[in-house]
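Asks: In case you want the letters, here they are:
2 protein chains.
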Amino acid sequence: MESEREALLQFSSQFCEELSNDDEGLKREILAHAGNRWSLGVLHILGTNGPLRYGELRRYLTGVTQRMLTRTLRHLERDGLISRYDYEEKLRRVVYAITDMGKEMLLRMLPLWSWIITSANYFRETRAKYDSD
Amino acid sequence: MESEREALLQFSSQFCEELSNDDEGLKREILAHAGNRWSLGVLHILGTNGPLRYGELRRYLTGVTQRMLTRTLRHLERDGLISRYDYEEKLRRVVYAITDMGKEMLLRMLPLWSWIITSANYFRETRAKYDSD
DNA sequence: CAGTATCCTTGCGGATACTG
DNA sequence: CAGTATCCGCAAGGATACTG
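Protein chains in written order, with the UniProt record's numbering: chain A, 1 to 133; chain B, 1 to 133.
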C-alpha cells in the first residue's frame with residue numbers, strides 16, 4: 001500500500017523536528033559511522049566472527065592501513081559500539097569485540113546497506129547521466 | 001528471541017562480503033548521505049512537505065548557508081534522490097522535489113535515525129566516560 | 001604484535017561578497 | 001530569487017617510516 005509509506009514518513013516528523021536542537025551534532029556523528037570508510041566493515045566482522053585481535057581484523061579488511069584501522073577502532077570504542085581488551089602480556093595481544101549497542105546499530109544499518117547494494121546499478125546510471133550534462 | 005538477531009547478522013554476510021569489490025566506493029558514497037550535515041534534513045523536508053523552492057528550503061533548514069544548501073542539493077540530485085525543476089522565468093523560480101528513490105532511501109534511514117535519537121543519552125555518557133580516561 | 005609519528009591530498013562546512 | 005566565487009579551518013583517508 002502506498003499510504004503505509006506516507007504514514008511512515010509522517011510518523012518520522014517527530015524525529016526530524018529534533019534536527020535543530022542542541023545535540024543534533026552528536027546524532028549526526030553517530031550516524032556518520034555509516035558513511036565512514038571502515039566502520040561498517042569492522043562492526044560487521046566483529047558481529048559475525050566474534051572477538052578478534054588487531055592483526056586478524058587487519059587481514060579481514062583488505063587494504064586498511066594501520067593508522068586508519070586504529071582510528072576507526074578508537075572512534076567505535078568511544079561510542080561504545082565495540083570494546084577493547086588488552087591482555088597485558090609480553091607478546092602483545094589486544095582483542096576487540098562488538099558490544100550489545102554495536103549489534104543494535106548494525107542491525108539497524110543493514111537494511112539500508114543492503115538496499116544500496118541492490119540499487120547500485122541505478123545509482124551508477126543516474127550519476128553517469130548527471131555527469132554527462 | 002536472541003537467535004533471530006543472530007540469524008539476521010548471518011543473513012547479512014552475503015552483503016558485507018561485497019565490501020571488497022570494485023564499486024564499494026559508490027556504496028559508501030551513497031551511504032554517506034546519512035552522515036552529511038544537511039542531506040537527511042533536505043530529504044525529510046521534501047518527503048513530508050512536498051516540492052519546495054530553494055528559498056523555502058533555506059527557511060526550513062535554519063543555519064544553512066547558500067553554498068552548503070546548493071552543494072547538498074547538487075549531491076542529492078546527482079544520486080537521483082531529489083529532482084530539480086527550473087521554471088525559466090524572469091523572476092527566477094526553481095523547485096526541488098523528492099524522487100521515488102529518495103523516498104526509498106529515506107524510509108530505510110529513518111529507523112536508524114530514530115534509534116540514534118532515542119539512544120542519545122547512552123552515547124553522551126559513553127563518550128564522556130571514554131574521554132575522561 | 002599492536003600500534004605512533006609525520007606528511008600529504010581531498011573534501012566538508014562555513015563566512016563573506018558578488019551576480020544574472 | 002537562486003545561486004557563484006573566493007577564502008578559510010578542520011577532519012578523513014592514505015603513504016611511509018618508526019617503536020615498546
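In short, the hints are calculated from the structure, not lab data. Check each hint, because a few of them may be wrong.
[As the list claims (entries may be wrong)] What the simulated footprint calls covered on chain B by chain A, stretch by stretch (three residues with Cβ under 8 Å from a Cβ of chain A suffice, anywhere in the stretch; the number is not a length): (1) 31-42; (2) 84-95; (3) 104-112.
Backbone N, C-alpha and C define an ideal beta-carbon position, used for all residues, glycine too.
Asks: Quick one: which hint numbers does this structure break? Sort them smallest to largest.
Replies: Structure breaks hint 2 only.
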